[in-house]
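Engineer: Sequence:
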Amino acid sequence: MKFIGLAILICCFSNFTVGNSVTIECNYYMDSWWQTNGNEYQCDVQNKEVFNGNRVTIEKAEGNHQSGKSDDDVKFFYLTGANLKYFPRNLENIFKNLELIYIYDSKLIEITSEDLKPFPKLKNFKLYENPIEVIREDLFINNPDLEVLYLWDNEINHIDPKALSHLNKLRAIYFNDNVCKFDKDQVETRSEVLEIIEKIEQGQCLSPKYTTTTTTTTENPLILEIKQHKQQNEQNQNEILKLKNVFNEKEQNNIKLTEEIQKFRKIIEEQEKELKKQRTQNEDLTKKNQEMKVKIKVFEAKNEEMKQNIEKILKFSEKLFDKLEKHEIKSQNDFIKLSAEQSKLSTNYESLNDQFSNFTLLAVELMEKEEELKVANIKLDQCDAKIREKSANDELEKQIDEFSKKFNDNTKNP
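Note that the sequence shown covers residues 1 to 414 in my numbering.
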């Protein structure tokens with residue numbers, strides 16, 4: 001901060017004390033001007049390039065005077081299209097009787113009471129298209145004869161309440177095209193001028209950027225500029241502090257967001273583990289289901305084969321019983337054969353019942369496995385939904401990472 005203040009001080013001294021001495025070239029002629037009484041002898045500056053943006057001292061004026069005229073007869077100083085920034089010094093010692101000063105489109109950024117103090121006869125003051133922002137209370141304290149104030153198309157946004165109150169001869173004001181506005185920006189009667197002065201006194205044209213503290217008429221321009229730089233520096237510091245508070249708040253929000261992201265990541269990891277487990281279980285169930293289907297097909301084939309055998313045995317048994325009933329059995333061998341066939345039939349029938357029972361148990365087990373498979377498929381669908389949700393969350397996380405990166409870059413360079 002000390003270094004910045006020293007730099008500002010050096011800059012100010014370079015503007016106020018070093019300065020350039022220049023010679024101006026005038027085109028001298030008689031001319032009438034708006035709100036002036038008759039023709040006035042004027043200096044129209046031709047060599048505008050001598051004004052380079054620094055504060056300059058006019059050492060002398062050159063040019064061809066009209067017959068019988070000299071610099072003492074010049075009442076009108078006219079400068080346009082220059083890179084002035086600051087009001088030129090020593091003008092009062094070149095033209096001792098100036099009554100009208102007109103500075104047009106010359107990048108004038110400030111004017112003080114010290115600048116106008118050497119011109120007690122000033123009646124007409126015109127600043128047109130310059131970046132002037134403020135009119136201080138003491139600006140015209142040394143110019144009580146001022147009649148016309150022309151401030152058209154500047155950037156005036158602040159006028160101290162008492163800046164014009166003492167100008168009893170002021171009869172015309174032109175405030176057109178400034179930041180500060182009035183009901184009528186252009187007035188040309190004393191009564192209308194008093195109305196504008198009253199509004200200014202009521203604070204209609206105040207800006208928080210500037211204080212209304214009255215500067216003394218003898219205050220050094222260097223001090224004024226240092227004060228302005230100091231005030232601007234304080235405003236910049238306040239803005240920096242606000243930005244720091246905003247960044248701190250953003251950083252806290254970013255920390256909270258990071259914590260939420262970490263929690264979310266843990267939840268996702270747990271869901272992935274559960275999903276993996278459920279997928280493994282589902283694969284096992286699917287494998288068992290396939291095995292059961294194969295076994296069922298085998299049992300169905302055997303069952304069909306046994307049914308066919310039973311039908312054959314039953315048919316054969318019926319034939320045997322028919323023969324018994326008809327007494328067609330001719331020998332003991334036939335009876336033994338019949339008994340053996342009946343025994344075989346009984347054995348096959350019992351085996352068939354056992355296999356059918358096993359088949360029934362397998363069918364029940366298969367139904368239970370199918371139910372388990374349905375539940376597993378439902379869980380798998382839920383897991384798939386979570387996976388899709390995770391994909392969306394991954395995209396969100398990517399955006400958050402990008403935001404965090406940008407935020408960290410901004411934090412490093414506030």
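One or more of the hints may lead you astray.
Said to hold, decoys possible - Taking lysine-lysine pairs in the BS3-like style, the calculated list, with each CA pair at most 27 Å apart, reads:
hint : residue 1 : residue 2
1    : Lys319    : Lys344
2    : Lys277    : Lys386
3    : Lys398    : Lys266
4    : Lys288    : Lys302
5    : Lys256    : Lys390
6    : Lys162    : Lys250
7    : Lys209    : Lys107
8    : Lys209    : Lys123
These aren't lab readings, by the way, just hints derived from the structure by calculation.
Engineer: Below or equal to 27 Å on CA atoms is what counts here, so check lysine 398 against lysine 266.
Structural biologist: Status holds; Cα separation ~16 Å.
Engineer: Decide if the proposed pair is consistent with the structure: lysine 209 and lysine 123, CA atoms, cutoff 27 Å inclusive.
Structural biologist: violated (30 Å)
Engineer: Regarding the pair lysine 277 and lysine 386, is the alpha-carbon distance no greater than 27 Å?
Structural biologist: holds (14 Å)
Engineer: Lysine 256 and lysine 390 were given as a pair; does the straight-line alpha-carbon distance stay at or below 27 Å?
Structural biologist: holds (20 Å)
Engineer: Need the status of pair lysine 319, lysine 344: alpha-carbon distance at most 27 Å?
Structural biologist: Answer holds: lysine 319 to lysine 344 is near 16 Å, not above 27 Å.
Engineer: Tell me if the straight-line CA distance from lysine 162 to lysine 250 falls inside 27 Å.
Structural biologist: violated (45 Å)
Engineer: Taking only the CA atoms, is the gap from lysine 209 to lysine 107 under or equal to 27 Å?
Structural biologist: holds (21 Å)
Engineer: Starting from lysine 288, check that the Cα of lysine 302 is at most 27 Å away, please.
Structural biologist: Distance of about 21 Å is within 27 Å: holds.
In this structure, the earlier hints numbered 6 and 8 are contradicted, and the remaining ones agree with it.
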